[in-house]
Amino acid sequence: AQSVTQPDIHITVSEGASLELRCNYSYGATPYLFWYVQSPGQGLQLLLKYFSGDTLVQGIKGFEAEFKRSQSSFNLRKPSVHWSDAAEYFCAVGATGGGNKLTFGTGTQLKVEL
Amino acid sequence: NAGVTQTPKFQVLKTGQSMTLQCAQDMNHEYMSWYRQDPGMGLRLIHYSVGAGITDQGEVPNGYNVSRSTTEDFPLRLLSAAPSQTSVYFCASSSPAAGRDEQFFGPGTRLTVL
Chain A
610 AQSVTQPDIH ITVSEGASLE LRCNYSYGAT PYLFWYVQSP GQGLQLLLKY FSGDTLVQGI
670 KGFEAEFKRS QSSFNLRKPS VHWSDAAEYF CAVGATGGGN KLTFGTGTQL KVEL
Chain B
843 NAGVTQTPKF QVLKTGQSMT LQCAQDMNHE YMSWYRQDPG MGLRLIHYSV GAGITDQGEV
903 PNGYNVSRST TEDFPLRLLS AAPSQTSVYF CASSSPAAGR DEQFFGPGTR LTVL
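Protein sequence lines correspond, in order, to chains A and B.
Take our numbering: the last position of the first sequence gets the number 723, and nothing is skipped along the way.
Take our numbering: the last position of the second sequence gets the number 956, and nothing is skipped along the way.
Read the hints as simulated data drawn from the structure, not as lab findings.
Fair warning: this is a prediction, and the values are worked out from it, not measured in the lab.
Be a bit skeptical, because a hint or two may be false.
[What the hints assert, rightly or not] So these bits of chain B aren't anywhere near chain A, every CB distance computed over 12 Å:
1. ASN843
2. GLN853
3. VAL854
4. THR857
5. GLN859
6. SER860
7. ASP868
8. GLY895
9. ASP898
10. GLY905
11. TYR906
[Said to hold, decoys possible] Which stretches of chain B does chain A cover? Using the computed rule of at least three CB atoms under 8 Å from a CB of chain A, they are:
12. 882 to 889
13. 947 to 953
[As the list claims (entries may be wrong)] The calculated SDA-like cross-link candidates involving lysine to any residue, where the alpha carbons are at most 20 Å apart (straight line), are:
14. A:LYS710 to B:VAL902
15. A:LYS710 to B:GLY895
16. B:LYS856 to B:LEU953
Just so you know, even glycine gets a beta-carbon here, dropped at the ideal spot from N, CA and C.
Whole structure, please, built from the sequences with the hints as guidance.
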């Protein structure tokens, strides 16, 4: 069965600092990988996704993520964090060809200090 | 396009009551899913559907029923609510033809069972 681990429950960074959120997955075949962001009281918004090809993917709001098969990781990065990035971030893995069966990590809550 | 809509936004039930959470999408997506979100547990798949008339169980299906009579609608039924079903419920839709299985989420329904 597929699984996702987000080892950091909370992360605090200063505005303007760089950010890396960790995500490790377990899946037997080539995974579909996603990062979603959730602002308080809101639904989930897709930041970026990886299916195949270039292992460095660019997303919205200046985020990027790198797929590393050897480490089973899909870490999310941003060079300079803005106060509006404070939110909860979820990594998810989907079965190949089965996009409606996502397995989510437990999320990382990001706090941005001004 | 309204995207994915969910009603109601908030609901309070007493133990043993029944209710239906509504979900509709206007994107002609084949796939629809229901997730529940609980603190520290991320989102977990309850039920999903790959098309009208076809549904299947996800990770946490007990206590919930679904049906899919049309492409647009995917209601989630709680037959006898229990306090353990207090959660935030998200409906999602996707199509393999649109963005390689990217899921679009509704705004959520916050349910409290007393």
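Each hint tested on the structure:
1. ASN843: ASN843 of chain B clear of chain A: closest Cβ-Cβ about 15 Å, beyond 12 Å.
2. GLN853: holds (15 Å)
3. VAL854: holds (17 Å)
4. THR857: holds (26 Å)
5. GLN859: Holds, because the least Cβ-Cβ distance between GLN859 of chain B and chain A comes to about 25 Å, which exceeds 12 Å.
6. SER860: holds (25 Å)
7. ASP868: Since the minimum Cβ distance to chain A is about 16 Å, ASP868 of chain B lies beyond 12 Å and the statement holds.
8. GLY895: holds (15 Å)
9. ASP898: violated (9 Å)
10. GLY905: holds (20 Å)
11. TYR906: holds (16 Å)
12. 882 to 889: holds (count 6)
13. 947 to 953: holds (count 4)
14. A:LYS710 to B:VAL902: holds (12 Å)
15. A:LYS710 to B:GLY895: holds (18 Å)
16. B:LYS856 to B:LEU953: Distance of about 11 Å is within 20 Å: holds.
Hint compliance for this structure: hint 9 alone is broken.
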